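Colleague: Chains as they are written, first to last, in my numbering: chain C, 1 to 441; chain F, 1001 to 1441.
All the pointers check out, no bait thrown in.
Derived lysine to aspartate or glutamate pairs resembling DMTMM-like cross-links, with alpha carbons at most 20 Å apart:
#1 Lys97(C) to Asp1098(F)
#2 Lys1047(F) to Glu68(C)
#3 Lys97(C) to Asp1087(F)
#4 Lys123(C) to Glu1013(F)
#5 Lys12(C) to Asp396(C)
#6 Lys47(C) to Glu1068(F)
#7 Lys1097(F) to Glu103(C)
#8 Lys97(C) to Glu1103(F)
#9 Lys1097(F) to Glu92(C)
#10 Lys97(C) to Glu1142(F)
#11 Lys1126(F) to Glu386(C)
#12 Lys1047(F) to Glu59(C)
#13 Lys1367(F) to Asp1378(F)
#14 Lys47(C) to Glu1059(F)
#15 Lys123(C) to Glu1386(F)
#16 Lys1123(F) to Glu13(C)
#17 Lys1097(F) to Glu142(C)
#18 Lys1097(F) to Glu1082(F)
#19 Lys1097(F) to Asp87(C)
#20 Lys12(C) to Glu335(C)
#21 Lys1012(F) to Glu1335(F)
#22 Lys97(C) to Glu1101(F)
#23 Lys47(C) to Asp1051(F)
#24 Lys1097(F) to Glu101(C)
#25 Lys1409(F) to Glu1427(F)
#26 Lys1047(F) to Asp51(C)
#27 Lys1123(F) to Glu386(C)
#28 Lys126(C) to Asp1383(F)
#29 Lys1126(F) to Asp383(C)
#30 Lys1097(F) to Asp98(C)
Simulated restraints, written as ranges between beta carbons of each label pair:
#31 Ala375(C) to Asp1362(F): 38 to 48 Å
#32 Ser390(C) to Ala1246(F): 29 to 39 Å
#33 Arg387(C) to Ala1246(F): 35 to 45 Å
#34 Asp236(C) to Asn1062(F): 25 to 35 Å
No wet-lab data here; the hints were simulated from the structure.
Note that the coordinates shown come from a computational prediction; the quantities given were computed from them, not determined experimentally.
A virtual CB, placed ideally from N, CA and C, is assigned to each residue, including glycine.
Protein chains: 2
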Amino acid sequence: MRLSRYFLPILKENPKEAEIASHRLMLRAGMIRQQAAGIYAWLPLGKKVLDKVCAIIREEQNRAGALEIWMPTIQSADLWRESGRYDAYGLEMLRIKDRQERELLYGPTNEEVITDIFRAHVKSYKNLPLNLYHIQWKFRDEIRPRFGVMRSREFLMKDGYSFDIDYEGAKAAYNRVFVSYLRTFARTGLRAIPMRADTGPIGGNLSHEFIILADTGESAVYCDKHFLDMTIPPADVDFSDDAAMADIVKQWTTPYAATDEMYDEELWAKVPQSDQIAARGIEVGHIFHFGTKYSLPMHATVMGPDGQEHPVSMGSYGIGPSRLVAAAIEASHDENGIIWPRAMSPFDFGIINMKPGDQKCDDLSEKLYQSLINAGFDPLLDDTQERAGSKFATMDLIGLPTQIIIGPKNAAQNEVEIKDRKTGHKEILPFDAALRRLTEA
Amino acid sequence: MRLSRYFLPILKENPKEAEIASHRLMLRAGMIRQQAAGIYAWLPLGKKVLDKVCAIIREEQNRAGALEIWMPTIQSADLWRESGRYDAYGLEMLRIKDRQERELLYGPTNEEVITDIFRAHVKSYKNLPLNLYHIQWKFRDEIRPRFGVMRSREFLMKDGYSFDIDYEGAKAAYNRVFVSYLRTFARTGLRAIPMRADTGPIGGNLSHEFIILADTGESAVYCDKHFLDMTIPPADVDFSDDAAMADIVKQWTTPYAATDEMYDEELWAKVPQSDQIAARGIEVGHIFHFGTKYSLPMHATVMGPDGQEHPVSMGSYGIGPSRLVAAAIEASHDENGIIWPRAMSPFDFGIINMKPGDQKCDDLSEKLYQSLINAGFDPLLDDTQERAGSKFATMDLIGLPTQIIIGPKNAAQNEVEIKDRKTGHKEILPFDAALRRLTEA
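Make the full structure from the sequences, and use the hints.
Modeller: Set out below in structure tokens:
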């Protein structure tokens, strides 16, 4: 993409409504724009990051055997009456009446709809296990939306739901998602720590939150520092091997880790002090096993091998991709802007042509831009007439991990400068060596 | 994908609520499920088709220089008051009050939001032309939603918006989208005919609908049969060449084509009778130039090269991906089910293992399945214990263009049968020749 043809509305000033780094930087980098309280449009740069996150989520869901569907945003109130949650859910549910006065709502979550789909179509244990997910907009009418997309009212959520005939099966399903979430977050470049969690209004008795450590996190968290270097399950981990899944989950739930709500002083005291991390954290995923909480009242049953009807045992599994983008920024930025983990970066490389109009600068910039595209990469070329200082500031702000700076002096020697956004390390290389370095990375 | 692990809830009976083929077949093939009046969930098979359509739309939008964003579904009523459409829009707009009694609405279209984004960020003609699009859920509270996803209340829409400093620029933008739409529909495997259209509540004075011919189409259409073999602009057509774009548009708007509403008896009489097609059609795209209808009241202006403020000249451009899926089925099905154009097909190939448990059938099925995956294809393998007749019926119903049938007799000879879904043509080939045929196609 050539910046001259892109829509990247950078803000020079810090927006005063932004209290935290991610909100401030997403506004400044032209990633999002607020359209109403807690309601955001994603501009091109933001959309690209969101797409990267969603693509990783999809790959890992599919790898773990989950199937993607797309449930509507608008739901029928009657379904929520069946589960008993319509009155219980409270003011965070956006309730709607259509032109015929039918009661609808904007889904804050989808347990009822998925249970309805399941009961309509699945009648036998032979069709289990089943895990269906979608990535869809949700609305929760927060009384005080804040922190940008970190706590917005309309937000994107991947929510998945598993169905099994009994607790054993449901636990195995839970473990598969647990492992897939470890992989998902690791692939985005973040270390998320699973912490035993409260189940809240979703219900159930087994639940973990996946937490990213960041100074601006919303809640206090306590964990063993060994989490920071535990091994992420590899891509070829066998999701059909229930015992292997259970082993991984055991390994990742053995060291102490808890959010504020589940903090246990006695257990915490048993962690050697040198291993204690008391920090702040951001929740980026949350998984629940809740058994028959919905299948019983909504009559979602299957015929078992015993010839009897069994209410299915269910779990639900959420990741907030929009929130994950903000969390990544909280965890990785400096005073100059965002520093993207490579997997989330909206472009693979940022090329700065310092002097458009200078023949040699133009030639090298163009050659590098086309060579990177031909090699399958997605570079951003700053070909604008802005002054160099402004170009450097913009490129730092939007946080592409690797910059290539092409100025007249180096270009005359057929050289370019490679800058690492994170370390600030710069190196001048001949063009061909630079291209090799970039494409082999 | 192995069918034994897929969620494909086939209906054996024709659902009585379905009046048209696409609705009936999408329900029967387990692509969609109605969740409330005019509100559908897309099940795995339907979601895959929708993804294919959206991917083609994206590629062609990006090729034409449009930039993808993601605007929220929920909009502020105040914005619509600025354009004057809040009161005018009528009962089809789903109006909502949040917990603080603020007036919101579920976006039926996005002219107001995009104009708001534009005016906040773009101040100079130097940042033009600009074309922003998104693919997002819309809601229109139809009094009588019907025909499944063809006329649903919640539906997916790609809507794009162009901004230019004057009519000349806007017309060039309109032409680029016109050409990109020709390519988009052709790539999905459908022939869409651009027809001069009424502008309706969007406003403006230049508009075309893109219409697919189908017996069950909602409106009568009249066109010259030469449209059926006109050449689609190639992938390397130069979207930056305004004159070339205008030529293509001229070529595609010269023969007579009109919907009912715009029908002109005199012009129609001038088409030689042997060239007249009077048929029924389904609208799958609609493009509008409406100039300053929104930019004037909403004060979306840019500084021109003359140092003056100019209200921007705008157009909007819509494709309904969910409706396009239904339209494709209306245009291509038989008594046994759907016949997908290859580009829309949810899987590339359908492999039927006629006798799971038969060693040779299992071996060949598995070998073919893995070979196709390794060659980069996405096959569906029916490895279930259903009887052969039921497997054939299911495979015909879901409409994958090519089936490979592996039965014990052929398998014993190391042979498989390839069946073309559309023609019914069957051919028995040795395994290696079959694989070559499939992967070279």
